[in-house]
Amino acid sequence: MDSIDKKILMLLQQDAKQNTKEIAEKVGLSVSPTFERIKKLEQKKYIKNYVALLDATKIGKSISVYCQVTLAVHSRELIDDFKQHILVLPEVTGCFHVSGNYDFLLKVAVNDMNEYQKFVIDKLSVIKGISNVQSSFVMEEIKNDFAYNL
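When you line the sequence shown up against the numbering used here, it's residues 1 to 150, in that order.
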């Protein structure tokens with residue numbers, strides 16, 4: 001990956017709806033080589049996907065919660081079971097296996113406190129092997145970038 005590829009990736013992170021002609025003009029290439037570079041970046045999985053970033057409050061997901069989950073035992077079976085359960089929960093928008101005082105960090109998006117309570121009682125607490133859940137509610141989102149600086 002050279003500096004032009006990095007510029008292309010930065011431009012796509014800023015606005016993935018730009019067409020190839022617009023990107024080509026900004027990186028100083030013609031359309032055809034720019035198109036080929038983008039295709040190569042996609043094939044090599046530098047670009048995993050193209051998505052639309054939504055305004056959570058406008059779609060009714062006004063509460064963001066970070067849950068620190070601790071498992072009772074650190075066994076392959078419990079870890080794998082936990083991961084499989086989390087993958088199918090639509091409220092969970094991010095799940096990270098971490099080191100430190102807890103085992104997993106979950107990012108959860110819900111409509112209100114009642115929905116969060118229902119999520120914890122009906123979906124999270126029924127997962128085998130969880131010994132502790134600590135919840136932190138986002139009061140204000142200061143920065144939430146998805147772009148990497150290249």
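Think of the hints as simulated: they come from the structure by calculation, not from any bench.
Mixed in with the good hints, there may be bad ones.
To be verified - Mimicking DSSO-like on lysine-lysine, the simulated pairs with C-alpha atoms at most 27 Å apart in a straight line are:
| # | residue 1 | residue 2 |
| --- | --- | --- |
| 1 | K17 | K40 |
| 2 | K26 | K45 |
| 3 | K44 | K26 |
| 4 | K58 | K7 |
| 5 | K143 | K7 |
| 6 | K107 | K143 |
| 7 | K6 | K44 |
| 8 | K26 | K39 |
| 9 | K21 | K39 |
| 10 | K128 | K143 |
| 11 | K58 | K21 |
| 12 | K58 | K39 |
| 13 | K6 | K58 |
| 14 | K58 | K40 |
| 15 | K39 | K83 |
| 16 | K7 | K61 |
Stated by the list, open to error - The following label-pair restraints were derived from C-beta to C-beta distances:
| # | residue 1 | residue 2 | range |
| --- | --- | --- | --- |
| 17 | Q117 | M10 | 36 to 46 Å |
| 18 | D80 | I59 | 41 to 51 Å |
| 19 | H74 | Q13 | 52 to 62 Å |
| 20 | D80 | S135 | 16 to 26 Å |
| 21 | G28 | G60 | 36 to 46 Å |
| 22 | Q84 | N132 | 46 to 56 Å |
| 23 | F35 | D80 | 40 to 50 Å |
| 24 | S135 | I59 | 43 to 53 Å |
Note that CB positions come from ideal geometry on N, CA and C, so glycine has one too.
Going down the list of hints, with the structure as the test:
1. Restraint check for K17 and K40: satisfied, since their Cα atoms lie roughly 18 Å apart, inside the 27 Å limit.
2. In summary, the hint linking K26 to K45 is supported, as the alpha carbons are separated by about 23 Å, within the 27 Å threshold.
3. For the hint pairing K44 with K26, the CA-to-CA distance comes to about 22 Å; that is within 27 Å, so the pair holds.
4. A hinted pair counts as satisfied when its Cα atoms are at most 27 Å apart, and K58 with K7 does not qualify at roughly 32 Å.
5. Restraint check for K143 and K7: the C-alpha separation of about 23 Å stays at or below 27 Å, so the hint holds.
6. At most 27 Å may separate the alpha-carbon atoms for a hinted pair to count; K107 and K143 meet this at roughly 15 Å.
7. In summary, the hint linking K6 to K44 is supported, as the alpha carbons are separated by about 14 Å, within the 27 Å threshold.
8. Between K26 and K39 the alpha-carbon distance is near 17 Å, which keeps this suggested pair within the 27 Å criterion.
9. Between K21 and K39 the alpha-carbon distance is near 14 Å, which keeps this suggested pair within the 27 Å criterion.
10. This hinted pair does not check out: K128 and K143 have alpha carbons roughly 34 Å apart, beyond 27 Å.
11. A distance of roughly 32 Å separates the Cα atoms of K58 and K21; the hinted pair therefore is violated under the 27 Å criterion.
12. A hinted pair counts as satisfied when its Cα atoms are at most 27 Å apart, and K58 with K39 does not qualify at roughly 34 Å.
13. Between K6 and K58 the alpha-carbon distance is near 33 Å, which puts this suggested pair outside the 27 Å criterion.
14. The suggested pairing of K58 with K40 is violated, with an alpha-carbon distance near 36 Å, which exceeds 27 Å.
15. Taking the CA atoms of K39 and K83, the gap is about 32 Å. The hint is violated against a cut of 27 Å.
16. Taken as a hint, the K7 and K61 pair is broken in the structure, with Cα atoms around 33 Å apart against an allowance of 27 Å.
17. The hinted range of 36 to 46 Å is satisfied by Q117 and M10, whose Cβ atoms lie roughly 41 Å apart.
18. Taking the beta carbon of each, D80 and I59 are about 32 Å apart, not inside 41 to 51 Å as hinted.
19. Look at H74 against Q13: about 36 Å separates their beta carbons, and that is not inside 52 to 62 Å.
20. Judged by the Cβ atoms, the range 16 to 26 Å given for D80 and S135 holds: they are separated by roughly 24 Å.
21. Range check, G28 to G60: about 43 Å between beta-carbon atoms, so the 36 to 46 Å window is met.
22. Under the hint 46 to 56 Å, the C-beta atoms of Q84 and N132, about 20 Å apart, miss the expected range.
23. Checking the proposed 40 to 50 Å range against F35 and D80 shows it holds: the Cβ atoms sit about 41 Å from each other.
24. About 21 Å separates the C-beta atoms of S135 and I59, a value inconsistent with the hinted range of 43 to 53 Å.
Consistency note: the structure conflicts with the earlier hints numbered 4, 10, 11, 12, 13, 14, 15, 16, 18, 19, 22, 24.
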